[in-house]
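Chemist: Fit chain B to the given chain A structure using the hints.
What follows is each chain in one-letter form.
Protein chains: 2
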Amino acid sequence: MLPVAIDINGGDRGPAEILSGARDAAALGIPIMLVAQTGTLDGLETGQLAIMTCSEIIDMDEDPARGVRTKKDSTLVRAAEAVRDHRASAFLSAGNTGATMASALLRMGRIKGVARPAIATPIPVPGSTPTVLLDAGANAECTAHFLIQFAQMGSVYARRRYGIERPRVGLLSIGEEDGKGNALTKETNEQLRAGAAGPDVNFIGNVEGRDIMSNDVDVVVTDGFTGNVVLKTLEGGLKFLVGKVFEALMANDETRAAAKVILPFLAPTAEAMDADSYGGAMLLGVDGVCIISHGSSSARAIVNAAKVARDMVEGDLVGALRAAVAPTP
Amino acid sequence: MLPVAIDINGGDRGPAEILSGARDAAALGIPIMLVAQTGTLDGLETGQLAIMTCSEIIDMDEDPARGVRTKKDSTLVRAAEAVRDHRASAFLSAGNTGATMASALLRMGRIKGVARPAIATPIPVPGSTPTVLLDAGANAECTAHFLIQFAQMGSVYARRRYGIERPRVGLLSIGEEDGKGNALTKETNEQLRAGAAGPDVNFIGNVEGRDIMSNDVDVVVTDGFTGNVVLKTLEGGLKFLVGKVFEALMANDETRAAAKVILPFLAPTAEAMDADSYGGAMLLGVDGVCIISHGSSSARAIVNAAKVARDMVEGDLVGALRAAVAPTP
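Same order as they appear, the protein sequences are chains A and B. The first sequence begins at 2 in this note's numbering and counts up by one. The second sequence begins at 2 in this note's numbering and counts up by one.
Bear in mind the hints are in silico, worked out from the structure with no lab data behind them. Take the hints with a grain of salt, since some may be wrong.
No distinction is drawn between identical chains; accordingly, a pair holds when it is met within one copy or between any pair of copies.
DSBU-like, lysine-lysine: derived pairs with alpha carbons at most 30 angstroms apart [stated by the list, open to error]:
no.	residue 1	residue 2
1	K181	K113
2	K308	K73
3	K113	K73
4	K261	K113
5	K240	K261
6	K245	K261
7	K240	K73
8	K187	K261
9	K181	K261
10	K245	K187
11	K181	K73
12	K308	K245
13	K187	K308
Chain A on its own, in the form it takes in the complex (with noise of 0.2 angstroms):
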């Protein structure tokens, strides 16, 4: 397969753990391509690994939409240039997630019949396999339609992904009754029992927060404002709970020694809530595989993400996809 094109000027932990991740990942075989600014290798181990150098980087808090429009030659915009050009076949970033998101739409495209691109961020369920939630903040104002394709990407991804035969696909919303929410929920509930995205859709219905983190549904659906919401309130609500659990456990002497014989049984729980066993979110319905990672993304996140890029390449995520939004004939 083509490279997976890896931006090692995005993330905060810097180029040299990126680097590290992308050594990694090409130690266990997948081709790799490293995106720099030119200098930031300089000094740094990188083997045999192909190089692609910018001239320019789009920081992490700079606007996507002028970052796009006036660095052309930025890693972001070159590396999603290299997967539509198909000298790559995939990209990742822990960068700017805007911008990297305004890079593959505006370089990579749509895929033919998708009306908007959607973040799917898998959520960690111990003991099961993750819920995929989308849009995770890609589109802030959305329409029944587009939360319909949702469903269909969604749909695919988690099959695609986590093997999910039949995946299990919910609209959220703040009571299971088909009648409950607002306009747009309403909409698209009504829409999707009718039977909008397909048979190969298996809505379930409504689902509401609490469900996420539970085995009760595969595929969250909701607009990109609910859900970059709700993925927040859920990362700060655990990290703060893991936190006091962590002052628990490490009070003093007494409790340092009696943690010994709790966290190897914590160990589980803590490994599959970390993001870093995650390998990112992936923005599904542009015209490529585009993996954006977390801006604390350490080398392991990379490796994981890294794999992911391979996978949905080799099963051809995207053709899946394409099927699925498909007009049905």
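Modeler: Structure of chain B alone, referenced to chain A:
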């Protein structure tokens, strides 16, 4: 003060549990009136408590609007009427949330000038005062005008209930910058920045989901769809994680012994996060004090709710809300 009317038939744990809380509240000197369906209190110890008997109840899963319309002699409708008719100072129920709201709205009416009452729910932040989230579910569709009033009412409530002199009010969005969000948050942000909520509202700008369980904001304003999703997402996520921690603590004899050392240090967090500590949510904007307790409320939750009711009546919350939403002369 006039008694607090308590709906004995509301709640998942049955009348004996609610009654037990009512008795405990009375023992603290809070005047109480029991509102119960005929026969419910038979064989139960009600002591000297005032009792109002009704012929009907609105079930937990009954349609709220229809329930209130057709069951005019139900505990919820009668309790709300008791407040309206100055026979009670406040009413609280752990029953059907929608029917509690509808009873309060239709029988007590709105405070003059309030466009829409909102549910204000305290989100626990162990180690700090709770964050007041509103609207937590009363209004699935909102306008900027509603949200500006939520900012005013939430601010008054945080001041009265938690003694925060100048509560920091944030608008829930998907980025801290003023321009981030959907059409509703953009318009609301603009108006709040322009001072539409008046000088008594300390608007700190947009906040994100991760700020809710933090000490960075006191009042989080959002529409009732997003607010309800946030509330249930947090409940679900935290419950899930707490379950995993307890599984680890109770894994075997050795971990159970270690848990005895750890648990006292987890207790303050567990206590702070226990919904029963909070006494329920408040319906702000109706012309009287109305507390919506969790369906699973214990006797302790009812006592805490009755205390909140007393404090809000004695502190004239309704008068303060009336003043807060009055147009500046």
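Chemist: Next, verify each hint and record whether it holds.
Modeler: Taking the hints in turn, this is what the structure says about them:
{"no.": "1", "hint": "K181 to K113", "in the structure": "between (33 angstroms within a copy, 28 angstroms between copies)"}
{"no.": "2", "hint": "K308 to K73", "in the structure": "within (28 angstroms within a copy, 63 angstroms between copies)"}
{"no.": "3", "hint": "K113 to K73", "in the structure": "within (25 angstroms within a copy, 57 angstroms between copies)"}
{"no.": "4", "hint": "K261 to K113", "in the structure": "neither (54 angstroms within a copy, 60 angstroms between copies)"}
{"no.": "5", "hint": "K240 to K261", "in the structure": "both (21 angstroms within a copy, 24 angstroms between copies)"}
{"no.": "6", "hint": "K245 to K261", "in the structure": "both (17 angstroms within a copy, 17 angstroms between copies)"}
{"no.": "7", "hint": "K240 to K73", "in the structure": "neither (37 angstroms within a copy, 47 angstroms between copies)"}
{"no.": "8", "hint": "K187 to K261", "in the structure": "neither (50 angstroms within a copy, 49 angstroms between copies)"}
{"no.": "9", "hint": "K181 to K261", "in the structure": "neither (47 angstroms within a copy, 44 angstroms between copies)"}
{"no.": "10", "hint": "K245 to K187", "in the structure": "neither (39 angstroms within a copy, 35 angstroms between copies)"}
{"no.": "11", "hint": "K181 to K73", "in the structure": "between (46 angstroms within a copy, 25 angstroms between copies)"}
{"no.": "12", "hint": "K308 to K245", "in the structure": "between (33 angstroms within a copy, 28 angstroms between copies)"}
{"no.": "13", "hint": "K187 to K308", "in the structure": "neither (38 angstroms within a copy, 39 angstroms between copies)"}
In the structure shown, a violation is registered for the earlier hints numbered 4, 7, 8, 9, 10, 13, in ascending order.
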